[in-house]
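Protein chains: 2
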Amino acid sequence: MPFQEKIVLNPIGYVKTKAEGDEVKDESTVSQIVIRDELVEGLSGITGFSHLFVLFYLNQVTSEQRKTLKVHPRGRQNMPLTGVFAARTMLRPNPIGLTLVELVKVEGNVLTVRGLDAYDATPVLDLKPYDFWDMAENAKVPDWWKKLNSGKPQKLL
Amino acid sequence: MPFQEKIVLNPIGYVKTKAEGDEVKDESTVSQIVIRDELVEGLSGITGFSHLFVLFYLNQVTSEQRKTLKVHPRGRQNMPLTGVFAARTMLRPNPIGLTLVELVKVEGNVLTVRGLDAYDATPVLDLKPYDFWDMAENAKVPDWWKKLNSGKPQKLL
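From first to last, the protein sequence lines stand for chains A and B.
Take the position in the first sequence, starting the count at 1, then add 27; the result is the number in my numbering.
Take the position in the second sequence, starting the count at 1, then add 27; the result is the number in my numbering.
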């Protein structure tokens, strides 16, 4: 049972944004991702993709908050109490954020992206190009999810 | 600059599969994810989603391999040398795997999933429900990606 294993990661860069508070949740928000100079070669060819997954470390989550197991999605009391693995809350045992962003441009070690819901100075763990294996056909979501997102543009819904 | 910060994570569970070697890359492969008993409550409501993202730790990647910055996608010499952040190679500074899987069933602390390309005993870091914010409209991928995947079912391609 590999449960005891500790995993140590080092950020590959960090987020730079002027957006504060709830502004980061606006999907039109444009941010920068600054990559460590010595890793710049790893960006080679990235502009061939229009979209990326950004994996980042939610460093504002406390060790106490990491013990949370159930939440009301987006803090709404009228949403059912839901397991953290069935929600995208930042309160989770390993507070890793995962967001699909649009790649706007790359200049040296700085990527400009649209739609990253991360605060200024958030450590970035990884970038992965988005491809068609990341698309589920006939994906199903619960009713609470549809209610929670009913006012928003529904993409492929 | 938050570059020096070390991030420590603990697995939430591990992968259980009979698939060996390249068998794990077969998208019809069925595996189990065994979650730590004390985190089971975090699965509440997860069956409302048909698909999940599994984040896992590629613990077979050595510290030397983590220094890799460019690869030929899927090891094919006829594919262009590409930055690791523009590829889904497991050779990357923070070897985190990200795979979209179909959720087959949940029994207690064991999830059965289809399409997880992870070896037996791989530590699992997080589970996230797949929703429509994870779908990019009009996503673009480079030509090498299309060539590399030309023999496969193309989903939404």
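Quick caveat, the hints were computed from the structure, so don't treat them as lab data.
Any given hint could be a false lead.
As the list makes no split between identical chains, a pair holds if one copy fits it or if it spans any two.
To be verified - Quick list of in silico lysine-lysine cross-link-like pairs, DSSO-like style, CA-CA up to 30 Å:
1. Lys43 <-> Lys174
2. Lys173 <-> Lys52
3. Lys173 <-> Lys33
4. Lys167 <-> Lys94
ask   = If you check each hint against the structure, which ones fail?
value = Violated: hints 1, 3.
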